[in-house]
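Participant: Here the structure of chain A is known, so what remains is to put chain B in place on it, guided by the hints.
From first to last, the protein sequence lines stand for chains A and B.
Residue numbering for the first sequence follows my numbering, beginning at 1 and increasing consecutively.
Residue numbering for the second sequence follows my numbering, beginning at 1 and increasing consecutively.
Where hints are given, some of them may not hold.
Claimed, not checked - Within a straight-line C-alpha distance of at most 30 Å, the following computed DSS-like cross-link-like pairs (lysine-lysine) qualify:
1) K63(A) / K154(A)
2) K144(A) / K94(B)
3) K144(A) / K154(A)
4) K144(A) / K62(A)
5) K63(A) / K6(A)
6) K150(A) / K62(A)
7) K144(A) / K6(A)
8) K63(A) / K150(A)
9) K62(A) / K94(B)
10) K154(A) / K62(A)
11) K94(B) / K63(A)
12) K6(A) / K94(B)
Derived by calculation from the structure, the hints in this document are not laboratory data.
The lines below spell out each chain.
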Amino acid sequence: MPGSWKHSELPNLTDDNHAITSCYDTRYNCIAWAANDILNWWNPTSGSHFGREHYWPPGAPKKWSVAAYAAAFATLGYEDSGNGFLEPGVEKIALFAVEVRANVFEATHAARQLVDGTWTSKLGDYEDIIHMNVTDVCCPEYGKVVRFLKRPRKMPMCD
Amino acid sequence: MEHPQRDQFATARVVPMHLSSATSVVATDYSSVTAVTDYFVTISSVAVSNSVWCGQEPLVDSDWLVFSELAVAWKQETGLSSSIRRKYASEHYKRILRMGRKAAFLIIRQLQLEGNTPYHWWDALRQLTDHDPVPPEVGGDVRTAARIWIEWARQHAGQLETQ
Chain A
1 MPGSWKHSEL PNLTDDNHAI TSCYDTRYNC IAWAANDILN WWNPTSGSHF
51 GREHYWPPGA PKKWSVAAYA AAFATLGYED SGNGFLEPGV EKIALFAVEV
101 RANVFEATHA ARQLVDGTWT SKLGDYEDII HMNVTDVCCP EYGKVVRFLK
151 RPRKMPMCD
Chain B
1 MEHPQRDQFA TARVVPMHLS SATSVVATDY SSVTAVTDYF VTISSVAVSN
51 SVWCGQEPLV DSDWLVFSEL AVAWKQETGL SSSIRRKYAS EHYKRILRMG
101 RKAAFLIIRQ LQLEGNTPYH WWDALRQLTD HDPVPPEVGG DVRTAARIWI
151 EWARQHAGQL ETQ
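Bound conformation, chain A alone (with noise of 0.2 Å):
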């Protein structure tokens, strides 16, 4: 069954690289789902007028940008790693984000990477994937990858 989006959206996803593992669901986004939270949405919106439906890290800046997701998933426990490379024992995240100024970036999707070294993502209010390359979801909305984070996998064996 396809997925909600449109192909033109993400032009990197194909048949053979990516599987839907979820319903629609506007609960949550893909910055909680990279931080295993499937019932809120986070967004450093939280407690403004707009945004008390929204959860954000205490004590992380609620900032749009790239180090203040950083500082979001550091509550975590997730410091910064040089690259997305598998390691045993390592679950990592890579950021992804849109240059909206010359050299300011806005934070704008995570993935979360597997125990098999594939990547999960969820795409907005649409649904889960897991995608075999972190790359395969950089699109026009989402820009690229832009920090790889990681900390100790909690649960070796299994996410």
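Facilitator: Just chain B, lined up with the frame of chain A:
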């Protein structure tokens, strides 16, 4: 190519639903609806079937048709985005807000149709009604938030319809 169901919907004679008569829609499970196009078809079929269920003289609800078109366009335009700021920046969303307070009534109807996957209507409802009946402890539980807004609207139906 125009979706065949869109023509059908555009010419459908839809009864404006009173909130008190829309409980049968709330009970419908839309959790299996995934694609936006399927979703649109579901909306149209439910709206038409509701007119039959109500047993009233069907009337054209032009506001609902305009709202539905904008809502579908908004979802299609921003569905891939995880940023609520980007969603709210959409011109389709802004046009819904510019419909004024009558849009609150339409959003409540839309929330009833959306069932277990309520969309990001919360700030629009707050802006359009100047109310926020959802207590802070609900947090990000949007299914509960939807139920509270629908119940709030049921209690204030007359107020919403006359604004």
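Participant: Quick one, are K144(A) and K154(A) close enough, alpha carbons at most 30 Å?
Facilitator: Within the cut-off at roughly 27 Å; holds.
Participant: Verify the proposed pairing of K63(A) with K154(A), using a straight-line Cα cut of 30 Å.
Facilitator: Holds, because 28 Å separates the two Cα atoms, which is no more than 30 Å.
Participant: Check whether the Cα positions of K144(A) and K62(A) lie no farther apart than 30 Å.
Facilitator: holds, 22 Å
Participant: Take the C-alpha atoms of K63(A) and K150(A), compute the straight-line distance between them, and say whether it is at most 30 Å.
Facilitator: Given that 30 Å is the threshold and the Cα spacing comes to 21 Å, the pair holds.
Participant: Hint check: K94(B) vs K63(A), CA-CA at most 30 Å. Holds or violated?
Facilitator: Holds, because 23 Å separates the two Cα atoms, which is no more than 30 Å.
Participant: Take a quick look at whether K6(A) and K94(B) sit within 30 Å of each other, Cα to Cα.
Facilitator: The given pair, whose Cα atoms are some 23 Å apart, holds under the 30 Å limit.
Participant: Checking one constraint from the list: CA of K144(A) to CA of K94(B), max 30 Å. Satisfied?
Facilitator: holds, 28 Å
Participant: Does the structure keep K62(A) and K94(B) at a Cα separation of 30 Å or less?
Facilitator: holds, 24 Å
Participant: Within a Cα-Cα threshold of 30 Å, do K154(A) and K62(A) meet the stated pairing?
Facilitator: With a Cα-Cα distance of about 27 Å, the restraint between K154(A) and K62(A) holds, given a limit of 30 Å.
Participant: Is the hinted pair K144(A) and K6(A) satisfied, with a Cα-Cα distance of at most 30 Å?
Facilitator: Measuring from Cα to Cα gives roughly 19 Å; hence the hint holds.
Participant: Is it true that the CA of K63(A) sits at most 30 Å from the CA of K6(A)?
Facilitator: Since the Cα atoms of K63(A) and K6(A) sit roughly 29 Å apart, the hinted pair holds (cutoff 30 Å).
Participant: For a C-alpha distance cap of 30 Å, please report whether K150(A) and K62(A) respect it.
Facilitator: Distance ~21 Å between K150(A) and K62(A) Cα, so the pair holds.
Checked against the numbered hints above, the structure violates none of them.
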